[in-house]
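K.L.:
Spelled out, the chains give:
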Amino acid sequence: MKISGIEIEKVNDNLWEIPRTGGMLVPGRIYASEKMLFETIQNDEALKQVVNVAHLPGIQKYSLAMPDIHWGYGFPIGGVAATDINDGVISPGGVGYDINCGVRLAKTSLDYHTIKNRIQKLIENLFHDIPTGVGSSGAIKKQNAKEIKNILRDGAEWAVSNGFGSEEDLLFTEETGKIKDADPDAVSSRAIERGMDQAGTLGSGNHFLEIDIVEKIFDANAANVLGLFENQIVIQIHTGSRGLGYQVCDDYLKILVQSEKKFGFKLPDKQLACAPIKSKEGSDYLGAMRAAANFAWNNRQIIMHLAKNSFKRTLNISDSDLSFGLIYDVCHNIAKIEEHIIDGKAKKVCVHRKGATRAFPSDSKLIPEKYRSIGQPVLIPGDMGRYSFVSVGTEKAMEETFGSSCHGAGRVQSRHQALNEAKGKNLIDELNKKGIVIQAKGYKTIAEEMPHAYKDVSEVVDVMHNAGISTKVAKLKPIGVIKG
Amino acid sequence: MPYKFIEHPADIAVEVDGSSIEELFKSACYAWREAAMDLTSFNKESSKKFIFNGITPEILLIELLSELNFQLYSKKWVFVTIQNLLIEKTDNDYHLEIELFGQTFHPEIHRMKEEIKAITYHQMKIEKIGNQLKTMIVFDV
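Chains as they are written, first to last, in the working numbering: chain V, 1099 to 1582; chain S, 93 to 233.
Simulated from the structure, these hints should not be mistaken for lab results. Don't take every hint at face value.
Unchecked claim - Partial chain V-side listing against chain S, Cβ under 7 Å, derived: (1) W1169; (2) Y1171; (3) Y1195; (4) Y1344; (5) Q1356; (6) S1512.
Unchecked claim - In silico DSS-like pairs for lysine-lysine, Cα to Cα no more than 27 Å straight-line: (7) K1539/V <-> K205/S; (8) K1352/V <-> K168/S; (9) K1376/V <-> K1443/V; (10) K1244/V <-> K167/S; (11) K1359/V <-> K226/S; (12) K1352/V <-> K140/S; (13) K217/S <-> K1360/V; (14) K217/S <-> K1364/V; (15) K205/S <-> K1542/V; (16) K118/S <-> K1240/V; (17) K220/S <-> K140/S; (18) K167/S <-> K1352/V; (19) K1352/V <-> K220/S; (20) K136/S <-> K1352/V; (21) K1410/V <-> K1219/V; (22) K1240/V <-> K140/S; (23) K168/S <-> K1539/V; (24) K167/S <-> K1247/V; (25) K167/S <-> K1240/V; (26) K1352/V <-> K118/S; (27) K1146/V <-> K226/S; (28) K217/S <-> K181/S; (29) K1445/V <-> K1378/V; (30) K1360/V <-> K96/S; (31) K1352/V <-> K226/S; (32) K1542/V <-> K167/S; (33) K1239/V <-> K96/S; (34) K168/S <-> K1244/V; (35) K1247/V <-> K168/S; (36) K140/S <-> K168/S; (37) K205/S <-> K1240/V; (38) K1352/V <-> K217/S; (39) K1364/V <-> K181/S; (40) K1364/V <-> K226/S.
Predicted model only: the values in this text are computed from it and were never measured. Backbone N, C-alpha and C define an ideal beta-carbon position, used for all residues, glycine too.
Extracted from the complex, chain S is given alone in its bound form (with noise of 0.2 Å):
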């Protein structure tokens, strides 16, 4: 997988890349649901579609991934595939949009591994390192 998990002393950290920057978001989306649950009996019952604009494309992914967790939390649906995803830079900022698939999250069934409390900014730098984009996810849980 174009993520790993990697040590921290309280929380959840996992450093991503991916060769395009939606490649990057896709795998710090599946990284996320790997950090909150068990990935077993899911099926795509559902799609949703998000927007957003963040001045740099660090505050894009922070909402993008702050998103999974609300709906997760608190709508108790969970993606299970990235149907659409276009990232571009305009005048002001970033814009995303994104189509997922997914499903109801149900507790007889599902597992949740953690409850994460949100994505931090600490140390969430998107850089180029050869021809891959990279960047750590620090998770507060």
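Pulled out of the complex, with its shape left as it was, chain V reads as follows (with noise of 0.2 Å):
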């Protein structure tokens, strides 16, 4: 069958497969239901978004897409792509402007009964606490270039070793917070100085932080490893590397844009720009995008340094009494040199997510000793009305999607439709009868960010538990949250 235009086969009820045609060099292949197919992925240029990373020189396998897939830049949303590190390219569409967006779950011992009536004020204090919306700074003092290099350098144990977090909560960050191979030298002055004044800041848009509750187990083992409970306070905080990383990345488009003709790739997008991962462009922008993946996880490292105290100041409770911990904190823009299993052969390929999460299995030793029983978390985010889910990783994503599951909704309205469609209404007061507490720099960021703005993130998260991918242990619900 065709869809937009595109020639479509059924592989399985969860998975759909584009052939190899014209100047692909491997067939697409999309996880999704039909019915997610067929009412929301043919609306926009998604597939053939698809298609056209189906062109990338020395890519492997397929170019994936999971079920979160939405247009984005170059790439799709939800987009996986691995190339060959001898032969292959790396793309910083294949990453996105917000390098290492993603997002960190955190642990309390407090249930949700005993601390009810507290959210309003938890969110109040959160809101005063941790800088929030457009051109947000503040939340340390301005750091000067020398100083962000040492971040970039160090990333989340920067954060660690100037007071805000302890080193246990660097072993559960992916990468450990610090990807080896960052190269500070590679970002640009202007990044940098984009960058000085956001270090613990959450940003706009889509970035947040949520009071959730967990509502369901689903896997009561896998739960109880990672020290999950049902009626349990977590709070997630999903932001990125802010400025710097936008930066990183429109400079290096920039290099590679007007490098196509020196490298002869003929490409159907010029947000698909490229270069071999070995030349010095490649090379320069892997240690650039590197050292801005280690800002961003310096960035929620500190914001959760900040919700801990929120916690303990509101609630007037010691460290003891909150058991305060990350649970794990995940990168779901990004492209890492990693070795995986094609043809039966062990290669070294650069995967590319970009919205998309890495989902190892249970015995992988690049994942937290505590999680080789269960798998590598991966945390999806919903809307902020509904839920939010924990999954873990499996050996059949290392089979299929070079270790990669889901990474949130995708929204089905823009951002004018939210607007218009929130018109008379008072959302704040919706989602207070629901249960939900908001606080946000603006009205116009609720209605932009409104729960039916996307995706029921059940759907997304059914597909790659029934596929095998990521399998589902908990379902978050949102109880407070705070927006820029």
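Given two chains presented individually in distinct reference frames, assemble the corresponding complex, making use of the accompanying hints.
P.N.:
Here is the structure:
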């Protein structure tokens, strides 16, 4: 059958294939239910972007899309592509502007019923303590260029060594919050300047900090290992590398678009501009992208520490009474050099995950020792009015998706449509009636981010669960939200 | 205004036009400013000059708008009017010189509407349609 003019074949109930045609070097594969494919995915250019990504030199096996696929720039959001490190390319469009946008989930020992009357105050204090909104700044004192370079090199370790968290937090952060071979010198002075006062800031748009309760446990053993229990209060943080990361992407896109002739690539979209991984341009981007990723891990680490202190102050409790601890931190916009089995042989590839989460299985040495009996936590935020999910990675993800799963819900309404639909409504009251306290810099953000502007994330998570890529552990329900 | 915001699933898209390449670029600058911030209470306090080169007019336009973005979010400076703008084709590429008047952004007076992450290459193509030059610009927010 054809969807939006693209031939597509059903592989099974959760997987669809676009056969290789024209300049495609590999087929495309999309994880989705039939309902999702016909109701939402066909409405934008995302399928065409899956086809475009299949043109990237050195791409291996498939141009993949997770069920939260939607229109991005170059790659679709939800796109995964692995390229051979010897004769393949790296593309900033496969990472996105918000390098290492990601999610972290922290636990407490608090039961919802014991603090339910304090949620309003907690949200007020969190909103006061954590800078939010467009161009937000001032979580910690403005850093000079030298210190920003230290952050770019050391990532979340910088935050911990400056008093924002504990060594244990690093163990439960992907790449221990400090990806190797980051190259601060490959980051422009302009990008550094853009990040100087943004360490520890949430930003705007779909970024948020949420107080959630664990509403339902699907996998008791995995939940137990992660330290999750029903009615538990947990904190979810979604943000990335802020202006510094945007600028890194912008700087290198500029270089690579102008180098197109030099490398002789003919790609269907300028936003797929790329360079051989081992070229100077490719290696500089990789080093700068890793440095920006470290900036993001530092950012989420500082925010988490500020959140912990807000909880302690508001509830007037000690560290031991709060038992605050990081469950895991994942990035969902990144390119990483990893080893995967391709045609029966171990091969080093550059895995681009743009709006996709790493989902390594239980025996992986790259996940915390504590989680090696259950698999890597995959954190999948939904919208602010419904729910989010915690899943774990599987061996099947390694076999089929280069160890990757979904990352979120994805929009179904434009910001403008959401604003129009919000007219005449009091969204704050509507959320309050559902037991959700919200505080944001402006009402416009709340309107743009209203729950029905997003797909139902449970459908996305179920496709990955039913496909055996990442299996469900717990469902979280928001009770307090701060946004930019 | 010689620009029109159009529906986009996640970000901000605008169609801009102009009777010349300079007019098109000016329209794009004003469209960027309307997308990024409220336009009230601005004065011409200071001026800044910029020079860019690019292998295509589209790259030149992205360079210019990216500079405006950088000036706003990093230098806290926003342009109010465009004083001089020159665009010419040289042997190897396109060359742009611009002088802008503007002022420091004061958060207590001015209001930012959106954090524009970047100006994208998506669907950007400067074309002559009738007597007008047109292009689409998508801002990633």
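K.L.:
Going back to the hint list, which numbers does this structure go against?
P.N.:
16, 17, 20, 30, 33
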